[in-house]
Structures are given as structure tokens and as C-alpha cells.
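Protein chains in written order, with this note's numbering: chain A, 1262 to 1374; chain B, 5 to 121.
No wet-lab data here; the hints were simulated from the structure. Yeah, the Cβ is synthetic: ideal placement off N, Cα and C, and Gly gets one too. There could be a bad hint or two in this list.
[To be verified] Interface residues of chain B toward chain A, partial, derived using beta-carbon atoms under 8 Å: (1) Y36; (2) F38; (3) L48; (4) F50; (5) I55; (6) F94; (7) K108; (8) L109; (9) W111.
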Amino acid sequence: DAGVIQSPRHEVTEMGQEVTLRCKPISGHNSLFWYRQTMMRGLELLIYFNNNVPIDDSGMPEDRFSAKMPNASFSTLKIQPSEPRDSAVYFCASSSTVNNEQFFGPGTRLTVL
Amino acid sequence: AQSVAQPEDQVNVAEGNPLTVKCTYSVSGNPYLFWYVQYPNRGLQFLLKYITGDNLVKGSYGFEAEFNKSQTSFHLKKPSALVSDSALYFCAVRGSKNAGNNRKLIWGLGTSLAVNP
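So that you can see chain A by itself, here it is in the shape it has in the complex:
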């Protein structure tokens, strides 16, 4: 099993640019989670999907952030426009109804200059 796949692994962009992060969950998993991790705020849940439907987006910081899951094998997290305070490591995780634990991807390290 390839595990959760995220791309890109690193992204450096300038303030105001659009950023798109991508995630492929583990095959057969029906829940997908987007997290953000920083030194100051720790690990924060941004949004999660169940069967491709957003269930809880209360962690999305503001309207500049949006997430989609068009099918069971792909999700995107978009930031438009990006700001320096968005710099963080963004993790995607997936889980199934059989096993409750979440499996994390390697993360995308985003730097907004």
C-alpha cells in the first residue's frame, strides 16, 4: 500500500499567489482530513470529508481557504490569495470505518514570502 500521497512536498510562493495542495488517500478509506501544523498553534484540523462530503469545516481559517473532494481518490486544499502567515506544514490523513485510526501523508511544507 502506497499510503497517503501528498504533493507537492515543498512549496515556496510569494504573497498573493494561489496555492493548491493535493492529496490522494489510501484506497478504500472513506474519510479524509486536512490539518495544518505550526510551532505556534500546533496541529489544527482544517476540514474533513466523509464519503467525499465535507462534514466539518469549522477549522478553515477564512474564506481564502477552500477544499474539495471531487472523488474518493483525490482532494485539494486551495489558498487564494496566500499570505505569509499561511506558512506551515499541511498534512492530509485518511481513515476507514473499519479502522478508526487516521493515516497521515508526509505533508506539504508551504512557505509564503
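Since the structure of chain A is provided, determine the placement of chain B on it from the hints.
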């Protein structure tokens, strides 16, 4: 309100000594409890979980955790620490009475474990 507390920001132990990383929780209904480990510049890795059954749960890399309902705790333990165990450890929980289909986990802030040679 549901919550998780990891009271220690950092734990230091000598190699070969037993280690404990503490976690307490508050949830609605029965708890589903998890421990994860994060090595530098890596994603979080699942270590072990408690859903039901035996209060002592064994996981990866020789770690174990004990569910204590009366103390609402789920402390992570290892009998003999290795230098390679040095990492950031996260406790997480969700309640069995989460509304609807909510599979959201509540996460602790993490405990940095340093094992000294």
C-alpha cells in the same frame, strides 16, 4: 466540551530507563483513544489505540498504553527507552457519542520526548 491534555511539554529520560508520556481526556460517551508519534520532518505515525476490551494496549516499537476510566487517562509507556524514541508524541481522542457521522479527533498539543544516551 471534549478535550485532551498532555500536561508535559517535554519529557527527558535516560536510555534504558522506563518512560511515561501522560494523557488525560474528556469526551461524551466512551472514548476512542489514540497515540501517534512524529519524527522530525515527517508525518504523524499511528502507534496504538484503545477502542474497547483490555485496558492495556500494546502497539508499535514496544510501546504500550493503559486506559484508566476512573482517572480518564491513557498514558503511553515503554519499559526501556531508546535514543531513537526521541520524537514528538500526540494523544488524540473522540467520543462514541459524537453527533452524526463525526469522526473528528481531538488532539493534544504534543509532548517532546528526549532520550539521552
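Hints, one by one, checked against the model:
no., hint, in the structure
1, Y36, "holds (6 Å)"
2, F38, "holds (6 Å)"
3, L48, "holds (4 Å)"
4, F50, "holds (5 Å)"
5, I55, "holds (6 Å)"
6, F94, "holds (7 Å)"
7, K108, "holds (6 Å)"
8, L109, "holds (7 Å)"
9, W111, "holds (5 Å)"
When the structure is compared with the earlier hints, no violation turns up for any of them.
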